[in-house]
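When you get a sec, could you build the whole thing from the sequences and use the hints?
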Amino acid sequence: MKEIKVSIIIPVYNAEKYLHECLESICSQTYNNIEILCVDDGSTDMSAEIIKTFQKEDKRIVLIQQTNQYAGVARNNGFDAAKGEYVVFLDADDYFAQTLVEKMVSAIYNAQADIAVCKSRGFDEKRQKEHELKGALHTELLPEKKVFSKRDIPEHIFQLTAGWAWDKMYRAGFLREKKLRFQEIRAAEDELFVDLAFGEAESIIAVHETLVTHRTNVISSLEYRRDCLWHCGFEMLTAEKEELKRRGLFPMLERSFVNRAATYITWNACSITNPVFFSEFYAYFREKAMKRFGFARYSPECYDDSFVYETIRKMAHCSEKEFLCSRIQELNQTVEDRDFYVQDILSDAKWMMERLRWMDKGKRWTIPENRILQESKVILYGYGDVGKDWYEEIQKSDNIELVMVVDRNYPEFKENIVRVQPPKAIETAEYDYILIAINEREIAEAVMASFVEQGVMQDKILWFDPAERVAGLIQ
1 MKEIKVSIII PVYNAEKYLH ECLESICSQT YNNIEILCVD DGSTDMSAEI
51 IKTFQKEDKR IVLIQQTNQY AGVARNNGFD AAKGEYVVFL DADDYFAQTL
101 VEKMVSAIYN AQADIAVCKS RGFDEKRQKE HELKGALHTE LLPEKKVFSK
151 RDIPEHIFQL TAGWAWDKMY RAGFLREKKL RFQEIRAAED ELFVDLAFGE
201 AESIIAVHET LVTHRTNVIS SLEYRRDCLW HCGFEMLTAE KEELKRRGLF
251 PMLERSFVNR AATYITWNAC SITNPVFFSE FYAYFREKAM KRFGFARYSP
301 ECYDDSFVYE TIRKMAHCSE KEFLCSRIQE LNQTVEDRDF YVQDILSDAK
351 WMMERLRWMD KGKRWTIPEN RILQESKVIL YGYGDVGKDW YEEIQKSDNI
401 ELVMVVDRNY PEFKENIVRV QPPKAIETAE YDYILIAINE REIAEAVMAS
451 FVEQGVMQDK ILWFDPAERV AGLIQ
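The numbering of the sequence shown is my numbering, which starts it at 1 and goes up by one.
Hints are computed from structural coordinates only; laboratory data are not their basis.
Ideal placement from N, C-alpha and C gives every residue a C-beta, glycine not left out.
Calculated lysine-lysine pairs in the DSBU-like style (CA-CA distance at most 30 angstroms, straight line): (1) K424 <-> K377; (2) K321 <-> K288; (3) K178 <-> K146; (4) K83 <-> K179; (5) K5 <-> K52; (6) K2 <-> K119; (7) K134 <-> K119.
Computed beta-carbon distance windows for the label pairs: (8) E412 <-> E3: 44 to 54 angstroms; (9) N68 <-> D152: 35 to 45 angstroms; (10) E453 <-> G135: 29 to 39 angstroms; (11) K134 <-> S28: 27 to 37 angstroms.
Printed below as a string of structure tokens:
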């Protein structure tokens, strides 16, 4: 078995903070016959240099560079260059047990299987502690036989594991034979690939060991900024339904797909915190997705999770405002019943309360001017949804003078009437405050910390938490 080559494909984008730990855990694998294909997706940090440094010590590492086209394209390009009989797709901000490849290749080779899937855990970067990873391998759904396929659990094949790429090993010939490719979209690009693989596989085996540690709450990761990419999920689910039908798999796997789609949409409904994107998501579901996926045609008994069924039902029949009120009531009840993650639950309820207030007032983000000294000169950092609203308020204000607007994505606004400059322009400007126009606390804190590192006095940096304006309104 030692003669069998395994290809490890890693899409890398601005992962310098975690890349050392990731590559060290891969280079130190107990199974040596591997090639490590690092696909740099147009990183602007030191990721490529870190990979080159590792290359000097380990000739198994191959660096592939491309312009920024996102993880799906990077994985496809890595697979096109892969020479291994088996392939595993890992993420650059995760880390892995040293026996990952050895355990997985042993299982998949000895069983002559198309796919092997292992157990995994989460590591909360914010809390710095390990935790159970919801969506990982559900062993209670496994059939009694060791090697199985969709025919053994047709109603739950997609529920067996989440649509993640990094906890599975595939026979490369199987992927090529079935023409399986990752979607070329910015987010949710791996679920279609994973579900089709599980639908097409004739043999799957589970490895009952925790071999992957997946980081969660990583501020720089795409996973942390999915609010603005809500449409990718609908694109993925639409493509999956069409592809399952084209491949003749839908009749057998219909119930499993309906639960996959309903659960994914419910997760979005409960996790999108930006009110503007939530409204867009909610309107799209009611106007298009509800009919497209035909949720109303299925009886309550068809759904595996009663909460998922109730959420989909409410979204179909309730206005956005009615739905938010219902969710707030549920979250308040959750706080009464549980003594863990209370702050997270309250945070969810607070943004919903804020959204309701905006809906009533017909406006979104507002600046608490009473917390800014009169006649202050301010630099507005960020020209997204928050920044655009604040820009309009500053223009009408007699209390604040706008010096400039800066945004790290300033090239995107070159055709804009408002001149948006790069953050470097702040170095030569005269100002009293830098006003951080970012809604998410963690991202705002990271930006503020970077300014302090550059020598900006902390009392010159201002950020206002929207949730503060509804403190006390939650039961």
